[in-house]
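Residue numbers (my numbering), protein chains in the order written: chain A, 12 to 111; chain B, 13 to 652; chain C, 59 to 249.
Worth double-checking, as some hints may not be accurate.
Claimed, not checked - Below are the DSSO-like pairs computed for lysine-lysine, each with C-alpha atoms no more than 27 Å apart in a straight line: (1) A/Lys98 - C/Lys243; (2) A/Lys97 - C/Lys243; (3) B/Lys471 - B/Lys385; (4) B/Lys385 - B/Lys558; (5) C/Lys202 - C/Lys190; (6) B/Lys471 - B/Lys574; (7) A/Lys98 - C/Lys244; (8) B/Lys574 - B/Lys385; (9) A/Lys97 - A/Lys110; (10) A/Lys110 - A/Lys98; (11) C/Lys244 - A/Lys97; (12) B/Lys574 - B/Lys558.
Unchecked claim - A few chain A residues that face chain B, going by a derived Cβ cut-off under 10 Å, partial list only: (13) Val19; (14) Ile35; (15) Asn56; (16) Lys110.
Stated by the list, open to error - Estimated spans, in silico, between C-beta atoms of each pair: (17) C/Gly196 - B/Ala616: 49 to 57 Å; (18) A/Leu94 - B/Val600: 56 to 64 Å; (19) A/Asn107 - C/Phe151: 25 to 33 Å; (20) B/Arg625 - C/Val177: 21 to 29 Å; (21) C/Lys243 - A/Lys98: 12 to 20 Å; (22) C/Leu170 - B/Leu617: 28 to 36 Å; (23) C/Leu176 - B/Glu599: 53 to 61 Å.
Simulated from the structure, these hints should not be mistaken for laboratory data.
Bear in mind the structure is a predicted one, so any value in this text is a computation, not a measurement.
For every residue, glycine included, the Cβ atom is placed at its ideal position computed from N, Cα and C.
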Amino acid sequence: MVPLSYYVMLSAVLFIIGVTGVLIRRNIIIILLSIELMLNATNINFVAFSHYLHAITGQVIVFFTLTVAAAEVAIGLAIIIALYRKKASLNVEEINRLKW
Amino acid sequence: MVMLTDALIPLLPFAAFVIIGLFELSGRGLRDRAHWIAVPAVLGSLIFSFAAFGSVLSGGPRGLTFFTWAVSGTFQASIGIHTDALTAVMLLLVTIVSSAVQIYTIGYMHGDRGYARFFAYMSLFTFSMLMLVMANNLLQLYVFWEAVGFCSYLLIAHWYERPSAAAAASKAFIVNRVGDFGFSLGIFLIFTLVGSLDYAKVFAELPKHVGETISVAGVEIGVVTLIALLLFTGAMGKSAQFPLHVWLPDAMEGPTPISALIHAATMVTAGVFMIARLIPIFNLSPAAMGVVAAVGACTALFAATIALTQNDIKRIVAYSTVSQLGYMVMACGLGASVAGIFHLLTHGAFKALLFLCCGSVIHALSGEQDLRKMGGLKSHLPVTYWTFYIGALALAGIPPLAGFFSKDEILFRAFVSGGAGIFFWGVGVVTAFLTAFYIFRLIYTVFHGPSRVEPNAMKHLHESPAVITVPLIVLAFLSVTVGWAGLPIHGFNGIEAVLGPVLSPEEHTESSSALLVPLMLVSVVVALAGWMTARYFYLTRPELPKRLAEQVPALYRLSLNKWYVDELYDRLIVRLTVRVANGLWREVDVRMIDGAVNGVGWTALAWARMMRRIQTGQLQHYALLMALGALVMLTVYLLR
Amino acid sequence: MSPFLTWLERSILHTRKRVGDHLMTQLLFFYFAGVIIVTAIYVIASRNPIYSALSLLVMFFHVAGLYVLLNAEFIAAIQVIVYAGAILVLYLFVVMLLNLRQEERYHRHFALGIFLGLVIFVEIVLAFAQTKFSGTQGDFTAAKLKELGDTQAIGQTMYTTYLFPFEVASLILLVAMVGAIVLAKKGIIEK
Chain A
12 MVPLSYYVML
22 SAVLFIIGVT
32 GVLIRRNIII
42 ILLSIELMLN
52 ATNINFVAFS
62 HYLHAITGQV
72 IVFFTLTVAA
82 AEVAIGLAII
92 IALYRKKASL
102 NVEEINRLKW
Chain B
13 MVMLTDALIP
23 LLPFAAFVII
33 GLFELSGRGL
43 RDRAHWIAVP
53 AVLGSLIFSF
63 AAFGSVLSGG
73 PRGLTFFTWA
83 VSGTFQASIG
93 IHTDALTAVM
103 LLLVTIVSSA
113 VQIYTIGYMH
123 GDRGYARFFA
133 YMSLFTFSML
143 MLVMANNLLQ
153 LYVFWEAVGF
163 CSYLLIAHWY
173 ERPSAAAAAS
183 KAFIVNRVGD
193 FGFSLGIFLI
203 FTLVGSLDYA
213 KVFAELPKHV
223 GETISVAGVE
233 IGVVTLIALL
243 LFTGAMGKSA
253 QFPLHVWLPD
263 AMEGPTPISA
273 LIHAATMVTA
283 GVFMIARLIP
293 IFNLSPAAMG
303 VVAAVGACTA
313 LFAATIALTQ
323 NDIKRIVAYS
333 TVSQLGYMVM
343 ACGLGASVAG
353 IFHLLTHGAF
363 KALLFLCCGS
373 VIHALSGEQD
383 LRKMGGLKSH
393 LPVTYWTFYI
403 GALALAGIPP
413 LAGFFSKDEI
423 LFRAFVSGGA
433 GIFFWGVGVV
443 TAFLTAFYIF
453 RLIYTVFHGP
463 SRVEPNAMKH
473 LHESPAVITV
483 PLIVLAFLSV
493 TVGWAGLPIH
503 GFNGIEAVLG
513 PVLSPEEHTE
523 SSSALLVPLM
533 LVSVVVALAG
543 WMTARYFYLT
553 RPELPKRLAE
563 QVPALYRLSL
573 NKWYVDELYD
583 RLIVRLTVRV
593 ANGLWREVDV
603 RMIDGAVNGV
613 GWTALAWARM
623 MRRIQTGQLQ
633 HYALLMALGA
643 LVMLTVYLLR
Chain C
59 MSPFLTWLER
69 SILHTRKRVG
79 DHLMTQLLFF
89 YFAGVIIVTA
99 IYVIASRNPI
109 YSALSLLVMF
119 FHVAGLYVLL
129 NAEFIAAIQV
139 IVYAGAILVL
149 YLFVVMLLNL
159 RQEERYHRHF
169 ALGIFLGLVI
179 FVEIVLAFAQ
189 TKFSGTQGDF
199 TAAKLKELGD
209 TQAIGQTMYT
219 TYLFPFEVAS
229 LILLVAMVGA
239 IVLAKKGIIE
249 K
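Produce the entire structure from the sequences given, and follow the hints as far as they go.
In structure tokens form, the structure reads like this:
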């Protein structure tokens with residue numbers, strides 16, 4: 012039996028990797044991919060808890076999370092395309108018009 | 013029913029003020045029609061005042077409280093009216109003179125730009141004065157005391173574009189304030205001792221504190237004496253007693269109607285009225301009474317000496333007012349407050365008459381006020397001349413006109429009270445001589461002799477219209493008849509009967525005494541002497557005054573320059589105060605307060621300028637901050 | 059073909075009997091976990107965005123495997139279909155469409171980001187050390203799940219208790235569709 016804490020630790024590590032990815036990369040596509048990492052981490056967490064607490068609620072939540080992630084990716088990529096048309100660059104540092 | 017008409021007496025002029033004021037504010041001012049609102053209102057008050065007088069004579073005093081104004085702990089202040097004999101006669105005085113002056117104003121101020129404003133303020137003043145007179149507690153008295161001072165300020169500066177008028181109004185208000193400061197201290201002291209400011213309670217409780225003393229700057233002084241003296245400083249300010257008299261002559265900058273209304277018959281008499289109203293307090297302190305009498309006597313003589321040499325006819329009459337107020341104050345100080353109020357009433361009639369006559373002359377000469385540029389106006393201004401003559405006779409104290417009876421009553425009481433009273437009688441007699449002299453100087457210089465009028469003024473010279481002359485005639489009639497109320501007919505003295513119960517309830521007043529007739533004769537002789545001397549100096553041998561002035565130039569200059577009191581005040585007080593005020597303004601107001609307020613604004617801006625750098629627009633900076641926030645929260649959670 | 063499969067099945071069962079189910083589960087877990095972490099790090103560290111996307115793909119498969127270990131085969135299937143089949147494909151489309159060059163990889167605040175990540179990780183570990191993982195036990199035990207089948211179990215719960223969120227989720231998808239079209243189509247906003 013793999014203890015629950017192993018799964019939670021795995022999800023934590025994955026989440027941190029995702030956060031770090033958001034903070035350190037310049038390419039906006041990679042940032043979005045890191046966000047997917049974070050989402051997957053939380054999914055693992057939910058499913059693990061669902062298994063160990065003998066409840067099915069965790070998996071239902073994962074179902075919804077998946078849906079939202081898909082929607083979010085669609086919109087995010089649409090925004091990137093619109094931005095790219097304006098600037099022809101995917102460097103996050105150059106997208107800084109909303110400032111003081 | 014009776015109460016209602018009592019309440020209407022002050023409320024009608026107030027309503028007139030509000031109505032005219034609202035019209036002015038709305039932009040569609042009443043302009044020339046303002047008197048249709050104001051005059052009926054004050055005439056209504058007049059009618060109700062007669063009714064009140066009648067019912068007080070038969071029924072006795074009564075009171076009515078309008079509403080409770082302020083409650084604070086055990087202190088309660090209410091606004092109400094209290095009508096007794098003293099109040100009733102004052103009501104008559106105020107409403108009669110007010111009505112006459114307002115009708116006079118219709119003609120005098122015709123065509124003036126601020127016509128409606130003038131009537132509005134006059135109505136407000138009448139309201140304030142009536143409420144002051146009808147007050148039943150010290151707080152209301154004080155409030156309307158200030159209100160009449162304020163109205164006086166507004167009215168003196170009626171032609172506010174003139175810097176001299178504005179300055180005179182400020183001077184009047186400020187000097188009044190000095191007196192009012194003492195007055196308020198007196199009220200505070202009364203409150204700490206008695207705990208209430210209602211007349212009835214104060215009169216009942218204060219005698220219990222007679223023996224107590226209070227320490228003022230290390231000096232022990234009787235508490236009741238201190239109260240009386242402080243209250244008297246208020247009267248000094250309002251009634252222009254020396255040394256707070258300096259505002260009254262300058263107040264002549266205002267239009268003549270208000271000189272007649274405010275600075276002759278009503279506002280300045282508020283001080284004397286206050287002393288009479290609060291006479292139970294003054295009676296508790298013989299020392300204070302002595303001070304009051306002394307100040308009154310000094311003022312009477314002092315002002316009369318100045319009036320001898322003035323060249324502006326209004327100033328002469330103004331100093332005459334100061335002098336006569338001195339008589340009234342002296343009378344109150346000698347315990348003869350009935351006589352003081354009697355003189356107040358007669359003086360109201362003939363002094364208002366004199367001022368209005370001056371106004372008529374000024375109006376006829378298109379604004380000329382210097383008597384060196386007048387003369388020989390008798391034939392041109394007959395009605396004015398005769399009414400002026402009557403007023404002068406009344407002022408000088410020639411029987412059977414009003415002034416004689418009241419002035420003689422005061423002098424009689426002074427002599428009869430013995431001791432220092434004789435000294436005061438002497439001062440009064442000398443002043444009476446000077447009074448007759450200066451007023452007939454005025455008559456002879458203005459109306460008799462060769463004409464020194466300037467050609468421009470001569471062209472427009474005409475007798476004043478009826479709206480002006482009719483009030484003159486009415487007041488002249490009163491100047492003749494009012495004095496007869498004090499006639500000792502069959503041992504019954506009218507004024508004594510009316511006011512005695514109010515002002516001196518315990519005294520057994522004797523109006524008949526062996527000295528009555530001799531003293532009366534002395535008064536008459538002195539008045540006639542003054543008249544004849546003036547006639548000699550200014551009619552028979554007109555070159556004499558100048559020769560006399562050249563022989564005693566120092567005295568002449570002292571009198572002409574008002575004994576340099578204004579200059580003294582300027583050197584000692586005014587310049588220093590102005591320097592201090594300027595300094596405070598520069599340092600405290602501009603540097604500290606404005607600096608602090610602006611500093612707060614500047615700090616906010618500077619901080620904002622710093623803090624908005626956080627909004628870099630960089631996505632990852634925001635993400636960093638979020639991660640940082642999460643870190644902080646985690647740390648706090650862990651450390652719990 | 060079938061003799062081979064029967065042999066495979068028999069040898070797996072034999073191994074399982076030999077080594078025990080628990081050991082099998084543990085081994086599989088560590089394999090999946092290890093690959094997940096390695097590929098995740100490759101995602102965030104790779105220079106080429108296409109390589110990042112592809113390693114993400116590998117990660118998705120292994121996450122699906124993890125789900126199977128946890129008796130959630132429906133979720134595993136969905137994971138592969140949606141994430142690997144749809145989302146990743148979208149990413150690849152966009153990356154190829156935009157024809158990116160390989161530019162500078164890391165942000166100015168690279169060190170700070172790494173540092174923050176490490177610190178947060180340490181704190182999470184510390185937080186774990188203090189926590190007891192427990193909760194109310196539901197009634198979907200592993201046996202029941204195996205009997206019902208994961209799909210049926212999820213269906214039973216979702217269409218009864220969680221019906222409203224289900225509808226809302228479909229609305230979200232609708233909004234996403236409309237939004238994506240509006241944002242990405244040329245000229246639609248100007249009109």
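Hints numbered earlier in the text: which of these fail when held up against the supplied structure? Numbers 6, 13, 15, in rising order.
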